[in-house]
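Novice: Next come the chains, spelled out residue by residue.
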Amino acid sequence: MEHTGGDAARPFVEQAGATFPTVVDEHGVTSTLLGFKAVPNGVLVDEDGVIRWAKYGGFSIDKPADVEVVERFLRGEAPGPSPVRDAPYTLGPVERELVETKLRLGRLLDSLNRRDEAVTEWRAALQLDPENLVIRKQIWVARYPERFHPTIDWDWQREQLTREREDEVAAGICGPDGCPVPWA
Amino acid sequence: MMTAMTTTVGQTLPDLTLPRLDGGELRFADLRGKKLLLFMWGSW
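So the protein sequences, as listed, match chains A and B.
Numbered by the working numbering, the letters in the first sequence go through residues 1 to 184 in order.
Numbered by the working numbering, the letters in the second sequence go through residues 185 to 228 in order.
Next comes chain A alone, as it looks inside the complex (with noise of 0.2 Å):
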């Protein structure tokens, strides 16, 4: 389930091999809807639909305890308890759909070249959701397109989340400790 658009997507997918079906949420309707603000996440469903253990932020099948879960799930074993979240999705149900509403907006813009337009929607989703790291690299995507082609600058998206928390915090948008990113 990838959450930028299928483009962007296909190489990664190519490159893993993957034998599963792959779909694509650029609207970001299974973040709202599940309420997480960073991937990469791990979701566990039953035959009946339902939902029996979920890691949000974090998830790799390179990591022997998440594959563990996923093993024993497929044994017919309870998976256990699932992990906590760092930032449970505190937003009201007006701000949600706000933020759903400008995001959408903002990628509406960004698809007629309108991209100033699609930033400042996006600036304003992301300052009713400061936590939300989905959003905050949709913005550094259309802003900064050369430190994520061809290839991914980790390093420069580290520093710069910590310079605009900094801001952010010197702005009052979150408060003395700023604001609690959850960084996968």
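A couple of the hints might just be wrong.
Below, in silico cross-link-like pairs of lysine-lysine (DSS-like), each with a Cα-Cα straight-line distance of 25 Å or less [what the hints assert, rightly or not]: (1) Lys63(A) <-> Lys219(B); (2) Lys63(A) <-> Lys218(B); (3) Lys55(A) <-> Lys218(B); (4) Lys55(A) <-> Lys219(B).
Label-pair ranges, simulated between beta-carbon atoms [as the list claims (entries may be wrong)]: (5) Gly207(B) <-> Thr162(A): 26 to 34 Å; (6) Thr162(A) <-> Ala213(B): 36 to 44 Å; (7) Ser111(A) <-> Glu209(B): 17 to 25 Å; (8) Ile152(A) <-> Ala213(B): 17 to 25 Å; (9) Gly207(B) <-> Gly172(A): 42 to 50 Å; (10) Arg123(A) <-> Asp206(B): 17 to 25 Å; (11) Thr192(B) <-> Gln127(A): 21 to 29 Å; (12) Arg143(A) <-> Gly207(B): 36 to 44 Å.
These are calculated hints, taken from the structure and not from any lab test.
Even glycine gets a Cβ: it sits at the ideal position worked out from N, Cα and C.
Place chain B on chain A using the hints.
Specialist: Relative to chain A, chain B alone:
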């Protein structure tokens, strides 16, 4: 889709239809009867 409630562990995953990368659509309700691992990631 607009929804005010966050779906959590122990609740039923709402039905969703999302576009597949290889074309067509995937409807989650069509996957009932199977165990699923949903892996969410971003290319950034």
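Novice: Which hint numbers does the structure go against, in order from smallest to largest?
Specialist: 5, 8, 10, 12
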